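S.K.: Take a look at the letters that make up each chain.
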Amino acid sequence: MSSSASTGTKTVSGFDVQEARKIFPLLHVTAHNKPLIYFDNAATSQKPEVVIDALSTYYSEYNANIHRGVHFLAQTASQAYDEARIKVQKFIHAQSEREIIFTRGTTESINLVASTWGRKNISEGDEIILSVMEHHSNIVPWQMLCEEQKATLKIIPMNDNGELLLEEYKKLISSKTKLVAVVHVSNSLGTINPVKEIIRIAHEKNIPVLVDGAQAIAHDTVDVQDLDCDFYAFSGHKMFGPTGIGCLYGKLHLLESMPPYQGGGEMIQSVSFEKTTYNEVPFKFEAGTPNIADAIALGTAVDFLNSIDRKSASAYEHELMIYASEKLKLIDGVKLIGTAENKTSVVSFIIEGVNAMDAGMYLDTLGIAVRTGHHCTEPVMKRLHIPGTIRASFMFYNTKEEVDVMIEGLNKAIKLLKK
Amino acid sequence: MKTIEETETEITEEFELFDEWPDKYQYIIELGQKLPPLDDPFKTEENKIKGCQSSVWLNSFEREGKIIFEADSDSTFVKGEIALLIRVLSGQSPEDILKTELPFIDKIGLRQHIAVTRANGLASMIKQMKTFALAFQTINRKL
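Chains as they are written, first to last, in this note's numbering: chain A, 213 to 631; chain B, 68 to 210.
Simulated from the structure, these hints should not be mistaken for lab results. Values in this document were obtained by computation on a predicted structure and should not be read as measured data. No residue lacks a Cβ here, since even glycine has one placed at the ideal position from N, Cα and C. Incorrect hints may have been included.
To be verified - Using 20 Å as the maximum straight-line C-alpha spacing, the simulated DMTMM-like pairs for lysine to aspartate or glutamate come out as follows:
no., chain 1, residue 1, chain 2, residue 2
1, A, Lys627, B, Glu97
2, B, Lys91, B, Glu80
3, A, Lys630, B, Asp90
4, A, Lys624, B, Asp90
5, A, Lys630, B, Glu97
6, B, Lys117, A, Glu590
7, A, Lys246, B, Asp86
8, A, Lys547, B, Asp141
9, A, Lys539, A, Asp252
10, A, Lys627, B, Asp141
11, A, Lys631, B, Asp107
12, A, Lys302, A, Asp515
13, A, Lys624, B, Glu87
14, A, Lys624, B, Glu97
15, B, Lys101, B, Glu81
16, B, Lys174, B, Glu72
17, A, Lys631, B, Asp141
18, B, Lys101, B, Glu77
19, A, Lys594, B, Asp141
20, A, Lys366, A, Glu379
21, A, Lys594, B, Glu112
22, A, Lys631, B, Glu97
23, A, Lys624, A, Asp576
24, A, Lys627, B, Asp90
25, A, Lys630, B, Asp141
26, B, Lys115, A, Glu590
27, A, Lys246, B, Glu87
28, B, Lys91, A, Asp576
29, A, Lys390, A, Asp432
30, A, Lys631, B, Asp106
31, B, Lys133, B, Glu168
32, A, Lys523, A, Asp432
33, A, Lys246, B, Asp90
34, A, Lys302, A, Asp435
What the hints assert, rightly or not - Here are some of the chain A residues that sit facing chain B, going by a computed Cβ distance under 8 Å:
no., residue
35, Val241
36, His244
37, Asn245
38, Asn567
39, Asp570
40, Met573
Generate coordinates for the entire structure from the input sequences, incorporating the hints supplied.
M.R.: The structure is reproduced here in structure tokens:
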């Protein structure tokens, strides 16, 4: 373990970060011969041992295709896959496991809604409301749909702190509005959007709402029934699960009304050359052999999240964000980007006279992993008139000592790079 | 005038002095800081190569059958890469520029560090330099 990270014990929030670090093997590697400092958690989280083991156990002990075979292995695998769905259902407080569709991730979840619900319900002249801080994956699928159906996108603006303007949102709603698709937590600014309020406002006019929960799912409790969202999309790999697996939650009556997404095995009830009848939800949307191993390991990631004190983990992440923000403000020329009142554990910033990528590459030479650029949110950058930012995104396994190393690194980067 | 291969060997030898990536990064930054800026009139949209995280302006002209490159970027690191490419390719004939596959980029360990990400426009820069070379070659043949 890095010497810089081994000095802390319990935090102000009461979270035992050193205990948490022990179960993530990757946190103990080196990068360029320096102890790795991983601050790119908004891109993907590292994996606890139990998740890595779940994958290995599946392949070495009960790998089989599911829902078909009558043999022992097939039954074991099918049961584990079905249990994973129930784990996810309970985790996001959905009413029924049938409301959980396994996808490749947030992007596919959104595309699924756009190509099935969207094609059925969006037609010429209709409008879809998005916000200015959407990730490209919650823009492009709707843009493609709008081009196809001759519909229009309407955009909720934000203020300079990175907070959505709800009064402006209300003005955008009209009889033409057919859907609101909005991000729960902004990946580039860290803003936690008032999605419950956004949903309530849309529902007054019976407009369904899709929430992009990619950045929210690992950091806070998500209760889809309390939010009353119609769709909720998220990725497994951002919540300690494997890559290539994610979920779409949809209210059952909506999912049942939607045409299938892709055709193939598993999604059918019976097939003849004259007529094919489709399987019921959720299988209707899971054509072909699903991603069995990763779905099961996602279930393990859910178990893992349920096993930790999420409230204190979340409070600790907030503490890290505030700590980093305060330290960054003291550096001459640093400007924080995204200073919303309600924020998650992301610090985005620019340094006057220093190119973000150059600074990010410098930090990399010190073993520090941050993200630089527009973070797939070009409209946000355009709104703020900046080409991109440096982003450090924290998880409960990060430490204040690591933040100190980054701050020291940034001071050196500025000395080297400032024009 | 050295050949492309001779300059590549020279650069490869210089980089052999550095064992680790952080030292190479520092050296490329130094090269970037030393590269003279491109005059503003040449920083046109036409000359711009847009990368994911940095912008590059590349200008070229012909002098006695050889192509001269000048370039600039908002990233000092990218300017360092440009400095290396200019050192190898500027002043060479269109034919030689089109022929070379620039093996030095692999030899100095640059490709493994940056080409895997889309962040860096190195590949686009090389492509643009070759496009210029092809354009000059075509013009020359017509004349």
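S.K.: Look at each hint and say if it fits the structure.
M.R.: Going through the hints against the structure:
A distance of roughly 13 Å separates the Cα atoms of Lys627 of chain A and Glu97 of chain B; the hinted pair therefore holds under the 20 Å criterion. The straight-line distance between the Cα atoms of Lys91 of chain B and Glu80 of chain B is roughly 12 Å, inside the 20 Å bound, and the hint therefore holds. A C-alpha spacing of about 18 Å is found between Lys630 of chain A and Asp90 of chain B, which places the hinted pair at or below 20 Å, so the restraint holds. With a CA separation close to 14 Å, the supplied pair Lys624 of chain A and Asp90 of chain B stays within the 20 Å bound.
Pair hint Lys630 of chain A plus Glu97 of chain B holds up; C-alpha atoms about 12 Å apart against a cutoff of 20 Å. At most 20 Å may separate the alpha-carbon atoms for a hinted pair to count; Lys117 of chain B and Glu590 of chain A meet this at roughly 14 Å. Distance hint between Lys246 of chain A and Asp86 of chain B is fulfilled; the C-alpha atoms sit about 15 Å from each other, no more than 20 Å. At most 20 Å may separate the alpha-carbon atoms for a hinted pair to count; Lys547 of chain A and Asp141 of chain B meet this at roughly 18 Å.
Using a Cα cut-off of 20 Å, the hinted pair Lys539 of chain A and Asp252 of chain A holds, with the two alpha carbons roughly 18 Å apart. For the hint pairing Lys627 of chain A with Asp141 of chain B, the CA-to-CA distance comes to about 17 Å; that is within 20 Å, so the pair holds. Annotation: proposed proximity of Lys631 of chain A to Asp107 of chain B holds, straight-line Cα distance about 17 Å (limit 20 Å). Note on Lys302 of chain A and Asp515 of chain A: the hinted pairing holds, with a Cα-Cα distance of about 11 Å set against a maximum of 20 Å.
Using a Cα cut-off of 20 Å, the hinted pair Lys624 of chain A and Glu87 of chain B holds, with the two alpha carbons roughly 18 Å apart. Using a Cα cut-off of 20 Å, the hinted pair Lys624 of chain A and Glu97 of chain B holds, with the two alpha carbons roughly 15 Å apart. At most 20 Å may separate the alpha-carbon atoms for a hinted pair to count; Lys101 of chain B and Glu81 of chain B meet this at roughly 16 Å. Between Lys174 of chain B and Glu72 of chain B the CA atoms are separated by roughly 13 Å; this keeps the pair inside 20 Å, and the hint holds.
In summary, the hint linking Lys631 of chain A to Asp141 of chain B is supported, as the alpha carbons are separated by about 10 Å, within the 20 Å threshold. Restraint check for Lys101 of chain B and Glu77 of chain B: the C-alpha separation of about 18 Å stays at or below 20 Å, so the hint holds. The straight-line distance between the Cα atoms of Lys594 of chain A and Asp141 of chain B is roughly 17 Å, inside the 20 Å bound, and the hint therefore holds. Restraint check for Lys366 of chain A and Glu379 of chain A: satisfied, since their Cα atoms lie roughly 14 Å apart, inside the 20 Å limit.
For a cut-off of 20 Å, the pair hint linking Lys594 of chain A to Glu112 of chain B stands: about 18 Å separates their Cα positions. Taken as a hint, the Lys631 of chain A and Glu97 of chain B pair is honoured in the structure, with Cα atoms around 12 Å apart against an allowance of 20 Å. A hinted pair counts as satisfied when its Cα atoms are at most 20 Å apart, and Lys624 of chain A with Asp576 of chain A qualifies at roughly 13 Å. As the CA atoms of Lys627 of chain A and Asp90 of chain B are separated by approximately 16 Å, the hinted pair is consistent with the 20 Å bound.
With a C-alpha separation of about 12 Å, the suggested pair Lys630 of chain A and Asp141 of chain B falls inside the 20 Å cut-off, and the hint holds. Between the alpha carbons of Lys115 of chain B and Glu590 of chain A the distance comes to roughly 19 Å, so the proposed pair stays at or under 20 Å and holds. With a C-alpha separation of about 12 Å, the suggested pair Lys246 of chain A and Glu87 of chain B falls inside the 20 Å cut-off, and the hint holds. For the suggested pair Lys91 of chain B and Asp576 of chain A, the alpha carbons sit about 13 Å apart, so the restraint of at most 20 Å is met.
Simply put, Lys390 of chain A and Asp432 of chain A have alpha-carbon atoms about 29 Å apart, too far for the 20 Å limit, and the pair is violated. Our distance criterion of 20 Å between C-alpha atoms is met by Lys631 of chain A and Asp106 of chain B, whose separation comes to about 17 Å. Annotation: proposed proximity of Lys133 of chain B to Glu168 of chain B holds, straight-line Cα distance about 18 Å (limit 20 Å). Restraint check: the Cα-Cα separation between Lys523 of chain A and Asp432 of chain A comes to about 8 Å, which is no more than 20 Å; the hinted pair holds.
Distance restraint check for Lys246 of chain A and Asp90 of chain B: the Cα-Cα separation of roughly 14 Å lies within the 20 Å cut-off, and the hinted pair is therefore satisfied. Of the pairs offered as hints, the one joining Lys302 of chain A and Asp435 of chain A holds, with about 9 Å between alpha carbons and a cut-off of 20 Å not exceeded. Taken as an interface hint, Val241 of chain A does not check out: its beta carbon lies about 15 Å from the nearest beta carbon of chain B, beyond 8 Å. Evaluation of the His244 of chain A hint against chain B yields a held restraint, the C-beta minimum of about 6 Å falling below 8 Å.
The beta carbon of Asn245 of chain A comes within 7 Å of a beta carbon in chain B, closer than 8 Å, and the hint placing it at the interface holds. Below 8 Å, beta-carbon pairs count as interface contacts, and Asn567 of chain A has one with chain B at about 4 Å; its hint therefore holds. Evaluation of the Asp570 of chain A hint against chain B yields a held restraint, the C-beta minimum of about 5 Å falling below 8 Å. For the restraint placing Met573 of chain A at the interface with chain B, the shortest Cβ-Cβ distance is roughly 6 Å, inside the 8 Å limit, so the hint holds.
Checked against the numbered hints given earlier, this structure breaks hints 29 and 35; the rest are met.
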